[in-house]
Amino acid sequence: MTIQKKAEGDKLVLSIHGRLDTITAPQMENELKASLQGILELEIDLIELEYISSAGLRVLLAAQKVMNQQGTMVIRGANEDIMEIFEVTGFIDILNIEE
1 MTIQKKAEGD
11 KLVLSIHGRL
21 DTITAPQMEN
31 ELKASLQGIL
41 ELEIDLIELE
51 YISSAGLRVL
61 LAAQKVMNQQ
71 GTMVIRGANE
81 DIMEIFEVTG
91 FIDILNIEE
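Taking our numbering, the leading residue of the sequence shown gets 1, the next gets one more, and so forth.
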């Protein structure tokens, strides 16, 4: 997994490429912890995400909880397979997902 980061003032865009799973979730979690201070708008771009596991979902949920307290978070570009995982797990109702 690779993470591309683009910050513009108090907005941060993270583009995730590859797989967000048990092996890569700690990398994503560390990136979020290091990057969210002072961020009011977080966008997570999943256009290049191939797979997400429960560990990846947990990281997104933790980011959503942080951003609920300090601003907004939106997920964009999830493919059909990722959207199906969000639907089956109920995350479609928890996360702010735009197509």
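Just so you know, the hints here were simulated from the structure itself, not pulled from any lab data. Any given hint could turn out to be false.
[As the list claims (entries may be wrong)] With a straight-line cut-off of 20 Å between C-alpha atoms, the simulated SDA-like cross-links for lysine to any residue are:
| hint | residue 1 | residue 2 |
| --- | --- | --- |
| 1 | Lys-6 | Ile-23 |
| 2 | Lys-33 | Asp-21 |
| 3 | Lys-65 | Glu-50 |
| 4 | Lys-33 | Gln-69 |
| 5 | Lys-33 | Ser-54 |
| 6 | Lys-65 | Asn-79 |
| 7 | Lys-65 | Gly-18 |
| 8 | Lys-5 | Leu-36 |
| 9 | Lys-5 | Ile-94 |
| 10 | Lys-11 | Ile-47 |
| 11 | Lys-11 | Leu-95 |
| 12 | Lys-33 | Leu-95 |
| 13 | Lys-11 | Glu-99 |
| 14 | Lys-6 | Ser-53 |
| 15 | Lys-5 | Thr-89 |
| 16 | Lys-5 | Glu-43 |
| 17 | Lys-65 | Glu-80 |
| 18 | Lys-65 | Glu-31 |
| 19 | Lys-65 | Glu-48 |
| 20 | Lys-65 | Glu-29 |
| 21 | Lys-11 | Gly-38 |
| 22 | Lys-6 | Thr-22 |
| 23 | Lys-65 | Ala-34 |
| 24 | Lys-6 | Ala-55 |
| 25 | Lys-33 | Glu-80 |
| 26 | Lys-33 | Glu-84 |
| 27 | Lys-11 | Thr-22 |
| 28 | Lys-33 | Gln-64 |
| 29 | Lys-33 | Val-74 |
| 30 | Lys-6 | Gly-38 |
| 31 | Lys-65 | Asp-81 |
| 32 | Lys-6 | Gln-70 |
| 33 | Lys-5 | Gly-77 |
[As the list claims (entries may be wrong)] FRET-style restraints, in silico, Cβ to Cβ:
| hint | residue 1 | residue 2 | range |
| --- | --- | --- | --- |
| 34 | Glu-84 | Gln-37 | 15 to 23 Å |
| 35 | Thr-22 | Glu-84 | 26 to 34 Å |
| 36 | Asn-79 | Gly-38 | 28 to 36 Å |
| 37 | Glu-87 | Asp-21 | 30 to 38 Å |
Small disclaimer: the values here were computed from a predicted structure and weren't measured. C-beta atoms are modelled at their ideal positions from N, C-alpha and C, and glycine is treated no differently.
query = Looking at the structure, which of the earlier hints fail to hold?
reply = As far as the earlier hints go, 1, 3, 6, 7, 9, 14, 15, 17, 19, 22, 24, 25, 26, 27, 31, 34, 35, 37 are violated by this structure, in ascending order.
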